[in-house]
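Heads up, the sequence shown stops at 700 in full-length UniProt numbering, and the numbers go up one at a time, no gaps.
Hints are computed from structural coordinates only; laboratory data are not their basis. Using N, Cα and C, we set each Cβ at its ideal position, and we do this for glycine too. Any given hint could turn out to be false.
Claimed, not checked - Okay, the calculated beta carbon distance ranges per label pair:
#: 1; residue 1: 269; residue 2: 178; range: 24 to 30 Å
#: 2; residue 1: 499; residue 2: 269; range: 19 to 25 Å
#: 3; residue 1: 122; residue 2: 416; range: 44 to 50 Å
As the list claims (entries may be wrong) - When the alpha-carbon atoms are kept at most 20 Å apart in a straight line, the in silico SDA-like pairs for lysine to any residue are as follows:
#: 4; residue 1: 248; residue 2: 84
#: 5; residue 1: 554; residue 2: 582
#: 6; residue 1: 443; residue 2: 458
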Amino acid sequence: AFKAAVLIQQWYRRYVARLEMRRRCTWRIFQSIEYACEQDQIKLHNFFSYLMDHFTPSSSKERDFISRMFISGESFKEAELEKYCDYESMQVPDTYTGPRLSFPLLPDHATALLEAFKQKQQLHARYVLNLLHETRKHLKQLPNISHVSTCYSEEVTVCGDLHGQLDDLFLIFYKNGLPSPSKSYVFNGDFVDRGKQSLEILIILFTFLLIYPKEVHLNRGNHEDHMVNLRYGFTKEVMQKYKVHGKKILKMIQNVFCWLPLATLIDQKVLVIHGGISDTTDLDMLEKIQRNKFISVLRGKKRKESNRNVEIQEINGESKVEADPAGNEAALSLCPQPRPTEAPSMANKLEFSRWVRQTVQEQIEWCRRLVDISESEEEELTYSSVVSLTDLDGPCWTRQEEWKQASNVLWSDPMPQEGCRVNTVRGGGCYFGPDVTGKILEKYNLQFLIRSHECKQEGYEFCHNRKVLTIFSASNYYEIGSNRGAYVKLGPDLVPHFVQYQANKTAHNLTMTQRQGFPVALISRVEESAFRALREKLFAHTSALISAFKAYDKDNTGRITLSNWATAVESVLHLGLPWRMLRPQLVRSTADGMLEYKSWLDDLAMEQRSQEHIQSSLLEVIYRNRSNLETIFRIIDRDHSGLISFEEFHQTWKLFSSHMNIELTDDGINDLVRSIDFNKDGNIDFNEFLEAFRLVKQSQ
1 AFKAAVLIQQ
11 WYRRYVARLE
21 MRRRCTWRIF
31 QSIEYACEQD
41 QIKLHNFFSY
51 LMDHFTPSSS
61 KERDFISRMF
71 ISGESFKEAE
81 LEKYCDYESM
91 QVPDTYTGPR
101 LSFPLLPDHA
111 TALLEAFKQK
121 QQLHARYVLN
131 LLHETRKHLK
141 QLPNISHVST
151 CYSEEVTVCG
161 DLHGQLDDLF
171 LIFYKNGLPS
181 PSKSYVFNGD
191 FVDRGKQSLE
201 ILIILFTFLL
211 IYPKEVHLNR
221 GNHEDHMVNL
231 RYGFTKEVMQ
241 KYKVHGKKIL
251 KMIQNVFCWL
261 PLATLIDQKV
271 LVIHGGISDT
281 TDLDMLEKIQ
291 RNKFISVLRG
301 KKRKESNRNV
311 EIQEINGESK
321 VEADPAGNEA
331 ALSLCPQPRP
341 TEAPSMANKL
351 EFSRWVRQTV
361 QEQIEWCRRL
371 VDISESEEEE
381 LTYSSVVSLT
391 DLDGPCWTRQ
401 EEWKQASNVL
411 WSDPMPQEGC
421 RVNTVRGGGC
431 YFGPDVTGKI
441 LEKYNLQFLI
451 RSHECKQEGY
461 EFCHNRKVLT
471 IFSASNYYEI
481 GSNRGAYVKL
491 GPDLVPHFVQ
501 YQANKTAHNL
511 TMTQRQGFPV
521 ALISRVEESA
531 FRALREKLFA
541 HTSALISAFK
551 AYDKDNTGRI
561 TLSNWATAVE
571 SVLHLGLPWR
581 MLRPQLVRST
591 ADGMLEYKSW
601 LDDLAMEQRS
611 QEHIQSSLLE
621 VIYRNRSNLE
631 TIFRIIDRDH
641 SGLISFEEFH
651 QTWKLFSSHM
661 NIELTDDGIN
671 DLVRSIDFNK
681 DGNIDFNEFL
691 EAFRLVKQSQ
């Protein structure tokens with residue numbers, strides 16, 4: 001009996017170990033594909049930005065169109081934005097049965113919204129715009145780093161990424177209670193994208209923010225960025241839900257995102273940021289930068305100010321001016337530098353203050369005209385501008401330094417190794433080691449960091465000797481059963497207490513057999529989904545894989561070793577996966593240890609063709625490029641109408657042709673766009689855009 005018990009114990013331990021290994025491999029697949037997609041997004045953004053940097057507009061109309069392509073539409077002044085998003089002129093019909101909002105908001109309004117969204121009701125566009133307007137006004141008065149104290153509430157609850165999964169937010173409120181004067185919350189960014197109810201989450205969070213401004217705190221995440229929203233679904237979601245006023249809502253949301261604080265400090269001891277830190281993180285700089293200037297933090301743009309030989313770093317696609325010395329002289333002659341009037345006596349402080357302000361304004365206007373920067377919106381005094389004005393004698397940072405601070409806070413990840421290096425996996429931010437964490441904690445007298453940004457199987461994870469805590473609140477992120485969600489509660493002792501959960505509706509639909517082996521059933525289901533995604537990735541790179549396989553097949557036998565197969569696949573996909581361990585799920589075992597790679601690729605193609613009746617080579621290209629094509633389509637579709645107008649296509653083609661050195665007349669461009677408009681309705685929809693891409697590839 002004792003021997004039997006030992007055998008059963010050994011068998012069980014091996015079984016559990018195999019299950020855990022399968023789960024970890026599945027996790028690696030999901031995460032590698034996710035990060036590769038983020039890297040593609042940044043590469044695509046950098047490519048378009050490069051084109052814009054090297055494009056010389058032939059008219060002010062072209063300059064205006066190109067400069068606005070990456071700044072989410074027109075750069076409205078304060079008054080113009082109010083007029084464009086005028087919610088007061090919108091009429092709410094008597095037939096509307098959804099929730100109604102009146103300001104200032106009360107707790108009953110929040111309760112009504114929660115109930116309405118549970119019933120799948122939609123808030124009228126007038127109330128959405130009104131809410132965004134009030135939220136923006138509130139956020140503009142907040143500092144870059146919010147400060148929270150556990151003295152005023154029993155505990156502070158910190159939530160991680162929600163990513164449009166409303167069920168997770170409902171479950172958090174059900175388990176932990178709604179925000180109240182005694183229940184403080186910090187929501188640590190990435191409220192939107194990927195999930196289907198991002199807008200509802202924003203509405204709920206903004207509502208509670210206005211009702212309890214001292215108890216609810218929102219940090220900006222890397223997905224609170226209009227360029228990221230173009231790829232990951234939030235832009236599309238808003239336009240589908242609000243077909244008439246969607247553009248106005250998006251415009252306001254993009255502006256609200258710019259004003260979200262970048263970090264939160266709890267009791268001056270716990271720093272809450274979305275991504276992470278770097279070896280150059282400076283909380284003093286982070287406190288004082290103008291965060292609203294970073295509409296998108298994907299890339300810091302450069303412009304040379306040639307008259308001083310100084311490289312001025314710019315953010316968010318402001319127009320680039322490169323002038324030769326002669327051009328500079330002309331500019332200087334056209335824009336003579338204003339000479340300040342004689343300073344009044346210091347005795348009259350009011351008069352002297354007016355003189356300083358007028359002189360500075362004149363110098364700013366002269367600089368704007370010199371480098372051809374259009375005047376931005378006339379800003380009212382905000383917290384950041386007040387801080388800047390009161391610290392005029394402090395250090396002067398370049399825009400590139402400020403952008404780097406914001407980028408690292410939103411995009412960085414921890415690593416187990418010492419040091420700090422560029423995050424090449426995501427394409428943005430950096431990797432920071434335990435030594436970097438220790439230095440930052442010591443420098444600012446902090447106990448530990450809380451960050452999000454990474455999905456964790458248990459919903460949370462410690463690293464760097466428990467000095468860095470990752471918290472992730474979107475359960476079932478990759479697939480049903482792939483991970484738990486979690487939130488963390490901190491009391492006055494700042495000891496973290498975790499609550500885990502899984503908002504899993506489909507678990508109730510499992511068969512009795514599946515329920516008996518519930519962990520196995522879930523792992524199998526998640527594993528199947530991960531390998532399906534991986535096979536799609538492999539199929540999308542068929543041509544490159546064939547070339548890599550042939551490099552090992554010197555005699556052109558059509559066969560390679562399984563070891564060479566694993567090496568070749570990694571050289572093409574660069575996913576960092578344990579291919580030898582994954583091989584049994586991807587390749588049929590052979591007696592002699594050799595793989596007929598052409599038949600293996602044919603099997604992959606057959607699997608994908610069963611879903612799409614398209615020629616294999618074309619399907620491969622579309623699989624590989626669909627996300628990029630859809631993002632490009634949305635970039636060109638500047639008004640988010642779901643259609644590319646002839647004018648939008650015309651200007652974008654000029655951008656591409658200048659890069660490719662293709663000379664094409666305006667009539668030629670018009671003929672091209674008419675040929676893509678298959679249904680002749682005067683616009684190009686996404687199917688026509690994709691079909692044109694398919695036809696061109698087929699002709700090649």
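Against the structure, the hints:
Checked against the hint of 24 to 30 Å, the C-beta distance between residue 269 and residue 178 comes to roughly 26 Å, which is consistent with it. Checked against the hint of 19 to 25 Å, the pair residue 499 and residue 269 passes, with Cβ atoms roughly 21 Å apart. Distance hint check: the CB atoms of residue 122 and residue 416 are about 46 Å apart, consistent with the given range 44 to 50 Å. Only pairs whose Cα atoms come within 20 Å are accepted, and residue 248 paired with residue 84 is accepted, the gap being roughly 7 Å.
For the hint linking residue 554 to residue 582, the alpha-carbon distance of about 26 Å lies beyond 20 Å, and the restraint is violated. Restraint check: the Cα-Cα separation between residue 443 and residue 458 comes to about 31 Å, which exceeds 20 Å; the hinted pair is violated.
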